[in-house]
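Chemist: Use the sequences and the hints to build the structure in full.
From first to last, the protein sequence lines are chains G and F. Using our numbering, you'd call the opening residue of the first sequence number 1 and step up by one each time. Using our numbering, you'd call the opening residue of the second sequence number 1 and step up by one each time.
Hints in this document: simulated from the structure, not taken from any laboratory. Careful: at least some of the hints might be erroneous.
Partner residues aside, some chain F positions facing chain G, computed with beta carbon under 10 Å [unchecked claim]:
id, residue
1, LEU54
2, GLU87
3, ALA88
4, ALA106
5, GLY145
6, LEU151
7, ARG152
8, GLY217
9, ASP221
Distance windows between CB atoms, simulated [to be verified]:
id, chain 1, residue 1, chain 2, residue 2, range
10, F, ALA218, G, GLY222, 52 to 60 Å
11, F, ALA169, G, VAL36, 33 to 41 Å
12, G, GLY130, F, TYR94, 25 to 33 Å
13, G, PHE280, F, LEU290, 54 to 62 Å
14, G, GLY115, F, GLY249, 51 to 59 Å
15, F, ALA220, G, ARG29, 45 to 53 Å
16, G, ILE225, F, MET58, 33 to 41 Å
17, G, TRP261, F, LYS18, 48 to 56 Å
Here a beta-carbon is modelled for each residue, glycine too, at the ideal position from N, C-alpha and C.
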Amino acid sequence: MSAVGASAAPPAGAQIGGVRRPRVPTVLRWELRKLVSQKRTYLGLGLAALFPLIFVVFENLHQQHDHGGNLSIFSGQITASGLATPVLTLEFLSAFMLPLIASLVAGDIVAAEDGNGTLKTILTRSVDRGQVFAAKALAAMLYAGLAVYVSAAVATVGGVASWGFHPVTTLSGTKVSASEALLLVFASNALYLIPLLAVVAFGVLLSTATRNSAASVVGAVGFVILLYIVSAIPGLEGIQPYLLTQQFANWHGLLRTPTDWAPIWHSAWVCALYAVPALFAAYLVFLRRDVAGG
Amino acid sequence: MPDEAAPVRARGLVKRYKEVLAVDHIDLNVRSGDVYGFLGPNGAGKTTTLRMCLGLIMPSEGKVELFGRDPLREGARALEGVAGFVEAPRFYPYLSGRKNLELLAALDGGDARERIEEVLDVVELAPRGKHRVGGYSHGMRQRLGIAAALLRRPRLLILDEPATGLDPAGMRDMRTLIRRLADDGITVLLSSHQLPEVQELCDRVAIVDSGQVVYEGALADLRRQGGAGYRMRTSDDARALKIAATAPGVEHASAGEHGLNFQAQESNVGALSLALGAEGIAILALTPELATLEDLFFRLTEGDRGTVLGDLNGLPGAIPRQVAQGGDGTLATAGQGADMPSPEQ
Chain G
1 MSAVGASAAP PAGAQIGGVR RPRVPTVLRW ELRKLVSQKR TYLGLGLAAL
51 FPLIFVVFEN LHQQHDHGGN LSIFSGQITA SGLATPVLTL EFLSAFMLPL
101 IASLVAGDIV AAEDGNGTLK TILTRSVDRG QVFAAKALAA MLYAGLAVYV
151 SAAVATVGGV ASWGFHPVTT LSGTKVSASE ALLLVFASNA LYLIPLLAVV
201 AFGVLLSTAT RNSAASVVGA VGFVILLYIV SAIPGLEGIQ PYLLTQQFAN
251 WHGLLRTPTD WAPIWHSAWV CALYAVPALF AAYLVFLRRD VAGG
Chain F
1 MPDEAAPVRA RGLVKRYKEV LAVDHIDLNV RSGDVYGFLG PNGAGKTTTL
51 RMCLGLIMPS EGKVELFGRD PLREGARALE GVAGFVEAPR FYPYLSGRKN
101 LELLAALDGG DARERIEEVL DVVELAPRGK HRVGGYSHGM RQRLGIAAAL
151 LRRPRLLILD EPATGLDPAG MRDMRTLIRR LADDGITVLL SSHQLPEVQE
201 LCDRVAIVDS GQVVYEGALA DLRRQGGAGY RMRTSDDARA LKIAATAPGV
251 EHASAGEHGL NFQAQESNVG ALSLALGAEG IAILALTPEL ATLEDLFFRL
301 TEGDRGTVLG DLNGLPGAIP RQVAQGGDGT LATAGQGADM PSPEQ
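Modeler: The following block contains the structure:
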């Protein structure tokens, strides 16, 4: 190793303080850069893009388009307007696939760094634990949002390319223009993000508390499955409106004319009941945890 | 006020993991300008202590101050002017060395980013800066760890086994680098198993065993007084040996190849020389042989502790072993900790 330059070391007795410390956006930017540099990130985004693509290809080949369910009116419009496709793919992916993709990063974002020993590396720099936690939670949420919109974009482009940019009939039977339908698609995905972010919050909590990536990812997905099972148990119908999984359909209210805000607001506060305590608990655990990994 | 405070001041540090007492009331006093060796066998609590110093783990009891600031209360602010690593330095393997430093510089703020090239040059990693850390050798990662520390313009450098896994040339280079950093005014807290390295680099040491500090003070004092040995050649070695064997404070007297060997404190050597003179025996040569750090380390951390502590209890830094109160209310002697699973392993 070469001689240490005089500037590599501070003058003895240099003043402590006065250094401009980084803020959360700086930490967030690097969290995102780390995500961009990892293959796992693209696995989730690839899945988010692949399923709408498969859907479009399948529907192009298939003659029967009525899938039934709550959104059967959109199933019947698949070939009439490409804008029905993103609505249907959101319906299909919202229950399990998008929570899984969101959990891939949320469950890993703290635990992986703990396991690799890099958490101690960043926690001995000039950022507080709270800043690191905020950046990690935000990064996981942004990733979930990106996955949702990648899926929506692929479905929209695929649908419009296959069946055109035409008006759509909503759940209330009202016809809306193509541009308004596009806006509804965008807004529906935004609303769906609310319960998805609650899943992300739970994943971050597991990631922080368990220090185990696999357990956190599986745990977050398992939580969703558990809620589905609970919702199917006879006699527990009374709690169904308060189950997180029921909120995955909160955006249906947007597809009525006029917009049915009641289920949307209900969903918002129910999701907050899941997300806020989970995030707060994760924050407290992160602040007080011993970083002994690596 | 904080600027004048000691780089590291730990008081009564305790860390319990359920029934395991990993660190047992450790006090440390690292002074400005010290190259301070922190020694102990595996599982002695060194790394746990260093992690507490850096605010990575919370003490069960006691507190640490870095330049007068408490890392637990003041968070990152307490680490201003402090850098280093515990156990092996860890980086993002999918990023290049330079990108890793850019990330850390961003988390440091200030002018750290402008110093990346310089610190890469210092550790001779500039040609490999664009390569992914995943492809780095162990030694390169250690050097990158030093580079990452230097980005912060540290006044206190905390290094945990920096030479571990390095080849002899790498170890020599690491020693040279640490020496130069110390010469530049950086206080160094060095945890190491490389006792010759510590003996060469450090001026003060703390020796920890089973979670307790058994000696803290100047290395020179420890070596000079910690059971110092002597070689003596006299006009009648056989009679001199008999006198030495019964002289107060003189131990382990034996015939050597060129005279006799014994161990004693300086004051007892004086009395012995007078006794020999009174018997008409001339001292032809008296050569003190300082104990090596390795000798002292093993005497402090192994073997018949009672005898060893008896030897050392007169030293300024020698700390008599205490009976520690376990977290579950049970009493555990310090030695018990050595058998417990250590969280740092």
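Chemist: Quick one: are G/GLY115 and F/GLY249 within 51 to 59 Å, going by C-beta?
Modeler: Since the Cβ atoms of G/GLY115 and F/GLY249 sit about 56 Å apart, the hinted range of 51 to 59 Å holds.
Chemist: Is the hint on F/GLU87 kept, meaning its closest Cβ partner in chain G is under 10 Å away?
Modeler: Holds, about 7 Å.
Chemist: G/PHE280 and F/LEU290, beta-carbon distance inside 54 to 62 Å?
Modeler: holds, 59 Å
Chemist: Using 10 Å as the Cβ threshold, decide whether F/GLY217 counts as touching chain G.
Modeler: violated, 23 Å
Chemist: Taking the CB of G/GLY130 and the CB of F/TYR94, does the distance hold inside 25 to 33 Å?
Modeler: Given a distance of about 26 Å, which is inside 25 to 33 Å, the answer is holds.
Chemist: Mind checking the hinted window 33 to 41 Å against the Cβ distance between G/ILE225 and F/MET58?
Modeler: Holds, since G/ILE225 and F/MET58 (Cβ atoms, about 35 Å apart) stay within the stated range.
Chemist: Should the hint that F/ARG152 touches chain G count as held when the rule is a Cβ pair under 10 Å?
Modeler: For F/ARG152, the interface hint holds, since the closest Cβ of chain G sits about 7 Å away, which is under 10 Å.
Chemist: Should the hint that F/GLY145 touches chain G count as held when the rule is a Cβ pair under 10 Å?
Modeler: holds, 9 Å
Chemist: Note whether the CB distance of F/ALA220 and G/ARG29 lies within 45 to 53 Å or breaks it.
Modeler: holds, 50 Å
Chemist: Would you settle whether the hint for F/LEU54 is holds or violated, based on the nearest Cβ-Cβ distance to chain G being less than 10 Å?
Modeler: holds, 5 Å
Chemist: F/ALA169 and G/VAL36, beta-carbon distance inside 33 to 41 Å?
Modeler: 37 Å Cβ-Cβ, so the 33 to 41 Å window holds.
Chemist: For the hint on F/ASP221, just tell me whether its beta-carbon gets within less than 10 Å of chain G.
Modeler: violated, 25 Å
In terms of the numbered hints stated before, the structure departs from hints 8, 9, listed from lowest to highest.
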